[in-house]
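There are 2 protein chains.
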Amino acid sequence: MRDFSTDHLALALNTASLGHNLDGHGAGWSPERVIDACAARRFGSIVFWRREVGARANEIGERVRSAGLSVAGLCRTPFLVGSEAIDRTAVLDEARASIDMAAGLGATVLTIVVGGVHPGTKGTAESLKIVAERVADLALYAADRNVKLALEPLNPVYAGNRSCLTTVRDAVDICEAVDAPNLGIAVDVYHVWWDCDLDTQLQRAGKDRILGYHLCDWLADTRDVLLDRGMMGDGVADLKTIRASVAGTGYTGPCEVEIFSANNWWKRDPGEVLDVMVERFHALC
Amino acid sequence: MRDFSTDHLALALNTASLGHNLDGHGAGWSPERVIDACAARRFGSIVFWRREVGARANEIGERVRSAGLSVAGLCRTPFLVGSEAIDRTAVLDEARASIDMAAGLGATVLTIVVGGVHPGTKGTAESLKIVAERVADLALYAADRNVKLALEPLNPVYAGNRSCLTTVRDAVDICEAVDAPNLGIAVDVYHVWWDCDLDTQLQRAGKDRILGYHLCDWLADTRDVLLDRGMMGDGVADLKTIRASVAGTGYTGPCEVEIFSANNWWKRDPGEVLDVMVERFHALC
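Chains as they are written, first to last, in this note's numbering: chain A, -3 to 281; chain B, -3 to 281.
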């Protein structure tokens, strides 16, 4: 297993941790300023959100690489099912545009948050079938552009309106059904920490299907399921055990810190947030 | 499978659906008034909460039976693990008192909500071991008083501070480990509706271990994970499929409506709420 106690080349910043620097959250840093701050602290890579990239995919990608970093990923496709995804053509068009953006950035991985229960259906099973069909279509398009697609299961609290995909088990089921070489999963501590079946399912997924590992912590008394994530060490997730499971598959990719925290971390100076990340990564991850 | 389209003898009211009539929620109906209202609508049974019963267990139990109903259950033991459950002796004493109350009421089942991550541990695995040890102790005490104990897995969103037990799978694991004839599980739509593994795990549990089936609905845009549950039909849970799975085990016990809804159902007249329950039960459950 990699030793992270002094080395953090594996550390990736997901810009959500700085409040996206948009939407009135965070300090308003430009992508360039974020890149420089990560380079100064020797992060290995950065994950951007589409809203930050806009029409500047090539430019931002080049800027990252010239600073000695890589673009580990792009967040994310539109929801593929649910009330925002009724128009199949429109959804797949937007998803293809996000694949193009990932390719333009030189991002290794594009994350898929699948969306909630599809209108006209009940439960998660029918929606997951639609997800599989739409992902199969997108995987071909992405393969032609050297982009990998990572299905991210979200905590079941979001199953109604954000992600009918709730477990690594179900994500691996979709990977097996679609059987595309560039389709895998993203494993986020926030979403999977509670799952006693996690180790079994990660081993079932295997190294080649694990395309991302996202770090944060689950605060015992979470006040807002969207915007109250904890920094590693401040919550009750068993980070050491989860990392051992992920590493046990042979995963050697980035460890991406993604913390939505409107009332704590987003209110702090981004430089301080990055410093704490590095420190906690060495000590706890 | 039982036909509920006209018959609702299987229907049980969990008094939480009327705001407990305490704590400033609900209309302030006494247990007696609730009993009469349920009898008038030919509910089969009622599930009370400890706070409503107080020292009147025998009296309320008799009152229910003389109205032609039964007491289907009592909610609930104290948390067995987590920050409120550090003192093992105090927790088990209170849990035994709740077993005594269930016996006094003539309640068939006492529900266990196990509590969150135990202090000094991370993740759910260690806490679940402590749960199993404490439940084994309580099961013996309960057996002597003809009380059955139902482990209720809660939605993973509560894993930090209310229930490290999150799935039917893990609940059955504890049942198998403890191996007590009066220990089983309570299956609540709100907590398990998202789980693609549910049918498999219910069949694994089997008829004798399913001690309760709780009805409500998951609203797609749930605004408050504690107090924004939906009435059957208003959300995205697949009630027909879940009921078929439960019935497929051979379960013929009560179907208990438990709806925490501070801003909708708790604000309505309790008689109206009970009428809607009966109507929805016939049509949808």
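Think of the hints as simulated: they come from the structure by calculation, not from any bench. Among the hints, erroneous ones may be present.
Here are some chain A residues pointing at chain B (derived, C-beta under 8 Å) [said to hold, decoys possible]:
(1) I82
(2) Y137
(3) R165
(4) W189
Below are the BS3-like pairs computed for lysine-lysine, each with C-alpha atoms no more than 30 Å apart in a straight line [as the list claims (entries may be wrong)]:
(5) K203(A) with K236(A)
(6) K203(B) with K236(A)
(7) K236(B) with K203(B)
(8) K125(A) with K236(B)
(9) K203(B) with K125(B)
(10) K236(A) with K263(A)
The C-beta atom is built at its ideal place from N, Cα and C for all residues, glycine as well.
Hints and how they fare:
no.: 1; hint: I82; verdict: violated, 14 Å
no.: 2; hint: Y137; verdict: violated, 27 Å
no.: 3; hint: R165; verdict: holds, 7 Å
no.: 4; hint: W189; verdict: holds, 7 Å
no.: 5; hint: K203(A) with K236(A); verdict: holds, 18 Å
no.: 6; hint: K203(B) with K236(A); verdict: violated, 38 Å
no.: 7; hint: K236(B) with K203(B); verdict: holds, 18 Å
no.: 8; hint: K125(A) with K236(B); verdict: holds, 19 Å
no.: 9; hint: K203(B) with K125(B); verdict: holds, 25 Å
no.: 10; hint: K236(A) with K263(A); verdict: holds, 28 Å
Of the numbered hints stated above, those contradicted by the structure are hints 1, 2, 6, listed in ascending order.
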